[in-house]
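Knowing the structure of chain A, use the given hints to seat chain B on it.
Residue numbers (the working numbering), protein chains in the order written: chain A, 1 to 223; chain B, 1 to 236.
List of simulated lysine to aspartate or glutamate pairs, EDC-like, C-alpha gap at most 20 Å:
hint, chain 1, residue 1, chain 2, residue 2
1, B, K106, A, E25
2, B, K145, A, E25
3, B, K218, B, D13
4, A, K123, B, E50
5, B, K145, A, E28
Note that these hints are calculated values from the structure, not bench results.
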Amino acid sequence: MTEEKRQIVIPGEIIASGDDYLPGEGTEKQGKDIIALKYGLAEEQNRLVKIIPLSGVYNARRGNVVIGRVEELTFNGWVIDVNTSERAFLSIMEVPRYVNKDALEEVMDVGDMVVAKIWEINKRGIDLSIKLRGLGRIEEGLIIKVNPNKVPRIIGKEGSMIKLIKDETGCDITVGQNGFVWIQGDKIENELLAKKAVLFIVEKSFVSGLTDEVTKWFAEGKK
Amino acid sequence: MTTIKRPDGRKPDEIRPMKAKVGIVPNADGSAMFQFGETVAIAAVYGPKELHPRNQRNPEKGTLRCTYNMISFSVDDRIRPGPSRRSMEISKISEWALEPVVMIGKYPGTVVDVHIQILQANASTRCAGINAAAMALAHAGIPMKDLVSSISIGKLDKSLVVDVNKAEEDWEEGEGATDMAMSFTSSKGKLTHIQLDGHITSKQLKEAVRLGREAIKKVYALQKKALKNVGEEISE
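In isolation and in its complexed conformation, chain A is listed as follows:
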């Protein structure tokens, strides 16, 4: 983690001024000043000033893996609630098996949770796919909801954090970019430990060197 000064900025606040800086995500240039347009942490890297949001709803992006709940069955697919402002749709064409059009509920019914990938975002909404490995209906396990802005911290740099939790608890964990975390383990105790670890990370998300902190936390828990 680079040790720059990060500070919380609020909309309308001047982050930096002068021609040395370029406005990045969540900022705007007005005259010589760079103004924040969002509430979050301001970060400067190679003269580029950007804002890391701390709160807010999930913004869908192509390629993201998300976890959602089946809301509705239509004649050619499922409408899935993935906690976005747009509607997410999973077509039967995107399911890697034969689906009887008259019995969609045999594959997935209303209320089922599903891991899916966003393969396209268009005017109508989001199109999902479950044609890859690791995607599909969730059969068992534990699902928890966290702030979607903390997801990068749960995953860690190149997946270091999530690997640590997986190793420590022996659970399989899937993190949806929309803030849902699916934990699946052989024993309920392990699942609960993994859940506790995830919530611990979310609570301590602003601490730098968090991976070491979590390692310590696991060591303390074992005693």
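Okay, now just chain B, sitting in the frame of chain A:
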């Protein structure tokens, strides 16, 4: 100009003790509380989310929707619950006061819901509501050009006072009860909303706006501090 003694002994440009806190409704995407003396307002923001009914959707940009409500126990004589002419007007006013700074053009067909509840009222409720709503919107991660700060200016006979309470709002002596609510963009000081109840000369109106612009600096400082310390109650 002769100065009139205010009922609670404040100076003409003195605001009642303010308090603010961000992050009070865990379920909401953003929330805040703002307090002017005995006037307490909370605001919760949800969204951007799908707008229902569909026919109200705007395919060009997102919609801002405010709901202002006074809780039935907020004043001495119980308020009948449910929307009233007054609360519907203030809902719309809050919407217009906040709209110039909220940048939801990138979220077509969606709505940002702002719920403003007045827990306790002693005049200037719409100002407290707008202040809380501005903080809650920022906390919800909605893109905004600036924050909005709001203040009320009253007229006791001929002299102008900042942040009226109930006794000053109903000040009938002399020229009659006059009070104004106004909102400004916080750092630029541009007017986004102004309302007048009573009579005022154009010369005094200018003076009132100048007073308001000066007073919101204190409001803004508090809003800023509360947003930087989420979960802590900041008093001034």
